[in-house]
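Put together the whole structure using the sequences plus the hints.
These protein sequence lines are chains A and B, in that order. Last residue of the first sequence? That's 503 in the numbering used here, and every number before it is there in order. Last residue of the second sequence? That's 1515 in the numbering used here, and every number before it is there in order.
Be aware that one or more of the hints could be misleading.
[To be verified] To be clear about the criterion: a stretch of chain A counts as covered by chain B if any three or more of its residues have a C-beta under 8 Å from a C-beta of chain B, and this derived list gives those stretches: (1) 283-291; (2) 420-431.
[Unchecked claim] Output of the computed footprint for chain A on chain B, the stretches with three or more beta carbons under 8 Å from beta carbons of chain A: (3) 1079-1090; (4) 1131-1142; (5) 1167-1175; (6) 1178-1185.
[Claimed, not checked] Far from chain A, some chain B residues (derived; all Cβ distances over 10 Å): (7) G1036; (8) L1043; (9) L1162; (10) P1206; (11) V1211; (12) Q1299; (13) A1369; (14) L1428; (15) T1475.
Because the hints were derived from the structure by calculation, they are not lab data. In this text, all values refer to a predicted model and were calculated from it rather than measured experimentally. Ideal Cβ positions, reconstructed from N, Cα and C, are used throughout, including at glycine.
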Amino acid sequence: MDNLIFIAPYLPLGLAILSGISLLLLQVFLPLKQRGWLTYVALIEAALLILASSLSFLLKGRVSSLPAELQPQAMANYQFFSNIALFFYLLLAVALLATILISAVYLEREKLVYGEYYALLFFATSGMMVLVSANDLMTLFIGLEIMSMSVYALVGYRRENPWSNEGLFKYFLLGALASALLLYGIALTYGTTGTVSLREIQNFYLSQPIGPLGSMGLILILTGLGFKVAAVPFHSWSPDAYQGAPLPITGFMATAVKAAAFALLLKILGEGFLVVRSYWLEIVMVLSALTMITGNVLAFVQQNIKRMLAYSSIAHTGYLLMGLSALNLQNDNQIRSAILYYLFIYVVSSLGVFTALAQLSGQGEKYQRFEDYAGLGKRHPFSALVLTLLMFSFIGIPPLGGFFAKYYLFSEALRQGQGLLVAFAIFNSILSIAYYLRLVVVMYFQPDARSEETRQSTPVTVSMALALSAFCTLWAGFAPVNFLGVIPGLSPLVEWLHIAAIF
Amino acid sequence: MSAYLLNLIIFLPLAVGLLLLALPSKLGLHRQIALGTAVLTLLGSLAIWQASNPEASGLQLVTRMAWIPFLGIDYHIGIDGISLFLVVLTSLFTLLAMLYSWSLDQQPGRFFALLLILESGLLGTVLAANLFLFYVFWELMLLPMFFLIGIWGGAQRIKAVLKFVIYTMAGSLVFLLSILYLGTQYQAQTGQWSFEIAVLTQLQLPPTPMVDLLFLGFALAFLIKVPVFPLHTWLPDTYCEAPPVVTFMLSGVMAKMGVYGLLRITLPLFPDSLARLGPVLSLLTIAGIIYGAILALGQVEIKRLLAYSSISHLGLIALGVFTWNLSSIEGVVYHMVSHAVATGGLFLMAGVLENHYGTTRIDQLGGIAARAPLYAVLFMLLTFASIGVPGLNGFVGEFLILLGVSSASAGLTLLAALTLILSAAYMLWLTQRFLFGPEAQPEHAPLRLPVLQLAAIAPLCLLAIIMGLYTLPFTQHISPAVQNLIQNNQGPVQVMLPEGYFNPTPSPVEKPVHG
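And the structure:
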């Protein structure tokens, strides 16, 4: 047991990498007909990943029970495994699990070859796990690249499809450019500070001015990360990549990849460069405002739901950037926990939306336009209900999770004196009502466009994923919440996030 | 025991409504269950009326529990003489709406379930004593409305419902921003969070232009809901496209929530801003009164005419609110109920007409009184109630409001009193055109009031008479609550118009008495 404590922090990451390799190998040895088993293997491995993350966290709490002379070494092993990293591990593992669940049905329907698909998913996840637990810029960059390479391949997975190829090409070119900029920024920062460790960079800037080279490095890093989170004006790849990617992968990008990219931003801005806040604050504020308004306005005019979701995801990036702009020098945990909470809600709701779409879009994803969903409330009552719930959550109608996420984030940003930006965000939320409601209007208020088609039943896995997403969205609205003391055992998520936000 | 009643009437309809939505429609008992729930809720609210003490000041039957402790958000509900009426009104109207729409053919189960959820949202809004909770219920009542109009509405329903929802949500989000801002101000001053309405009214805000902005932020959502000119543009489309029962709920109860919000939240929070901006707002309400009435004169369709008349009447109520003195607020509370009774009833009558003839265009109707005397009598009764004929309920409220306004400004009173003349003009002209005169559709079967629809309309007519003749049971609850509201919130007793603003001859200034 004691030995396990020493290796426990490496368990989740190790498991993710091993899972990827094992899936890759299995694919070689399994005949084509039996590759359906890969799905089950992948599902089990994703579930194990969640367990492993929880286990390592539990073991971390037992470090103090070790003999005193062993404790320092154990603590050193756990250094990268902060609470915030655990939060992201779990979030990523859940997103991975949901993506595999969606993919199982999807891949069968689209007749896409199995095999490397799941392996790539696991490799992407392991990259993200490196990224969210990295404490220096180099490790961080490596994690980012592992993630990006796998995701590029997944975006172009529908090889026969021209949209997929276009999306991949744009994503790859701009992603490579972003990586180059980021690397250049890291190099300049290293040149200024003489270190790549985030903590040491912070210490360096505490005593020394940032200087022209250092600020150049900061701006380049911000630009590179702007590409990764799809902040305007670095967003142009995202709608095409979202549209081209297979729907489960679109979901994966909108959730896991986005969460990881934000973890990265939170690390760099909230840790390494927090002391030079005055240098990046205005940049982030402008980025945030631009991202919100562009995302919302362009989402409004889309006819294609996938693209609408891409732009809506950009809009959410804008709100999250506003949260980053409220990071302050006191290193307040409230704002971090608000950001994490928002990410959590955003991820679980988006997963539900993409699950539903992956199922409803039909063979070859031919139903992507709003009008294709007319009368869905009659044809697929459950899917339509969950979609409606999630759209209302995105709009921010209480007591759904989306409302509380917005409420919490906005109130924290207000408290940090970002009044104007919050007012702007509210204005943007008003804009967003129209396009989210549009889906609901189409589903319930318009006559069934495809009533003559035979109704296809929803597979159980999909229904389960949908129910889970809806449940999380509802639960998260009440979880912050010791709801009248009536529901025991709902430990307040947010108070937990407060702890998680402590580095 | 009685404190649980409040929780019960809020959450019983919600729970049953959600349950009914989940039940398969083959079961076929939806309407009966929903009606039973509505009856129970009405009984509950009548029991609350019995249990509440008319003499007591402040909130009664309070339930208060921590809800989101680290943000200082409590689940806090209670009732007083003002909310009491809206509670009874809401539960009564929901029941009547169900009676009226009993024989609906399109998905009746869902319709009834949504009505129950709507009731829950409305009751929660009225009873909430915490701003956050208020907001939650405020949004909750919008959702069923969205589906009620969107699924069961007329041909142009989608356009109408989107306009309505985006309009109101825009107001709500600004309201949310204002709540957040006020909350953070409080947090900055005291170091803790609180969203209690009673606590926040004690907050001293620095007298900056920001306060007036905040006042407007708090007012916007309510002004849209009422609606006050020029924020009324969603109303005619929505009222006409929604099914008659939904319009009945919209005009009867939902519009009152806007007034209630102003009364309960906005004005107590910002008495100084009311003093500064009150005159402007009062002028806007006057504009709404006259504008609505003139447009009502020009309408060729009954529903649209009633919609514009609603704008006009609600303008008068809003004027009473902004005048903010004892008599005017008492009048406002009274008139909220009587306007709901009269206009709501008229919308139902128009619905009956539409059902029967397939149109509510005035030029295609005529001479109904000759063949459907009962319909004509009820319609005339409600018309008289609506235009404020003494002896019926409309008169009491209008009189009290005008009395209150007159102690503030004679000019405003004169302008506001125009509503009496104008409403008599358009309503009587309307009845003359479509109830009397030559018969327009003699080949059509004579208009009959179906029993259940009659059962929905008759209580309204009865109420119109009772509330006109015997006001004591109502006013004995209203007066102490209004006194309490006004005394606790040191607002200006009068709207401070510049001297001679409306009166060319300045009134004599009181000279200080020298001992």
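Status of the hints after comparison with the structure:
no. : hint      : in the structure
1   : 283-291   : violated (count 0)
2   : 420-431   : holds (count 5)
3   : 1079-1090 : violated (count 0)
4   : 1131-1142 : holds (count 5)
5   : 1167-1175 : holds (count 4)
6   : 1178-1185 : holds (count 4)
7   : G1036     : 25 Å, holds
8   : L1043     : 24 Å, holds
9   : L1162     : 7 Å, violated
10  : P1206     : 14 Å, holds
11  : V1211     : 14 Å, holds
12  : Q1299     : 27 Å, holds
13  : A1369     : 38 Å, holds
14  : L1428     : 38 Å, holds
15  : T1475     : 36 Å, holds
Taken one by one, the earlier hints fail for this structure at numbers 1, 3 and 9, listed in ascending order.
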